[in-house]
Amino acid sequence: MSGIVDLTLTYTNDVAGFSKEASKVLDVDGWNASTLTFYSHCGTHMDAPIHFNVSNQTIDEIPVSNFVGKAWVIDARHVGSKGLIKPEHIHQDIKDKFVAGDGLIFWTGWSKYVNTPKYRDELPRISEALALWCIDKKVKMIGVEPPSVADVNNLDEVTKIHQILLKGVVIIEGLTNIDALQTNCVELIALPLKIESGDGAPARVIAIEKYL
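For the sequence shown, the working numbering begins at 110 and goes up steadily by one.
For the record, the hints were derived by calculation from the structure and aren't laboratory data.
Among these hints, one or two may not hold up.
[Said to hold, decoys possible] Think about it this way: if two alpha-carbon atoms lie no more than 25 Å apart in a straight line, the pair counts; the simulated DMTMM-like pairs of lysine to aspartate or glutamate are:
1) Lys247 - Asp211
2) Lys204 - Glu296
3) Lys319 - Glu170
4) Lys319 - Asp211
5) Lys179 - Glu197
6) Lys206 - Asp288
7) Lys276 - Glu170
8) Lys247 - Glu197
Please model the entire structure based on the sequences and the hints provided.
Here is the structure:
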């Protein structure tokens, strides 16, 4: 039987860029409702090519077929703080089985640092060589635990890596719970909010362990 694992961070008022306030309350208004405020790249979220002007494609224009597919889980926990994830971190057996259109999920254990300065300032990131490898191999989706695929404190780096990947790869950032997976190959489903002209959007991301 397939297992279904939620890879999405929970939005709380501790998450930078998000707030939730009561808009209606049952005792006064007859129902409970909230006003939610999101930064477009907070929590578990996805990027659109327009985020770095790679093209004019916005989050609502990306075909939904790009949000679903087989993905390989890469154990990169040893990369560590401020480390670069390189093509050689992908085991050869996965490279041998990989086909164009598959996705990659990089397991770094970084989600344990959510809501701390380290989460943003010391993140392990995707190297230029790996970004180019992903384009060359036609990777459909790439998922990472940190809030970005690159060093957000280095504008040149964060721009270069996003501009390479967004030429053909759907970027998912802010994943969690990867350690709950029991297999290194899953069906990945990542659905961003459909925001008109969106440069990115929060997303609900799940993995289905159909390849157990």
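Consistency of the hints with the structure:
1. Simply put, Lys247 and Asp211 have alpha-carbon atoms about 8 Å apart, close enough for the 25 Å limit, and the pair holds.
2. Distance check on the hinted pair: Lys204 and Glu296 sit about 17 Å apart at the alpha-carbon level, within 25 Å; holds.
3. Taking the CA atoms of Lys319 and Glu170, the gap is about 28 Å. The hint is violated against a cut of 25 Å.
4. Of the pairs offered as hints, the one joining Lys319 and Asp211 holds, with about 14 Å between alpha carbons and a cut-off of 25 Å not exceeded.
5. Restraint check for Lys179 and Glu197: the C-alpha separation of about 21 Å stays at or below 25 Å, so the hint holds.
6. Simply put, Lys206 and Asp288 have alpha-carbon atoms about 22 Å apart, close enough for the 25 Å limit, and the pair holds.
7. Annotation: proposed proximity of Lys276 to Glu170 holds, straight-line Cα distance about 14 Å (limit 25 Å).
8. This hinted pair checks out: Lys247 and Glu197 have alpha carbons roughly 17 Å apart, not beyond 25 Å.
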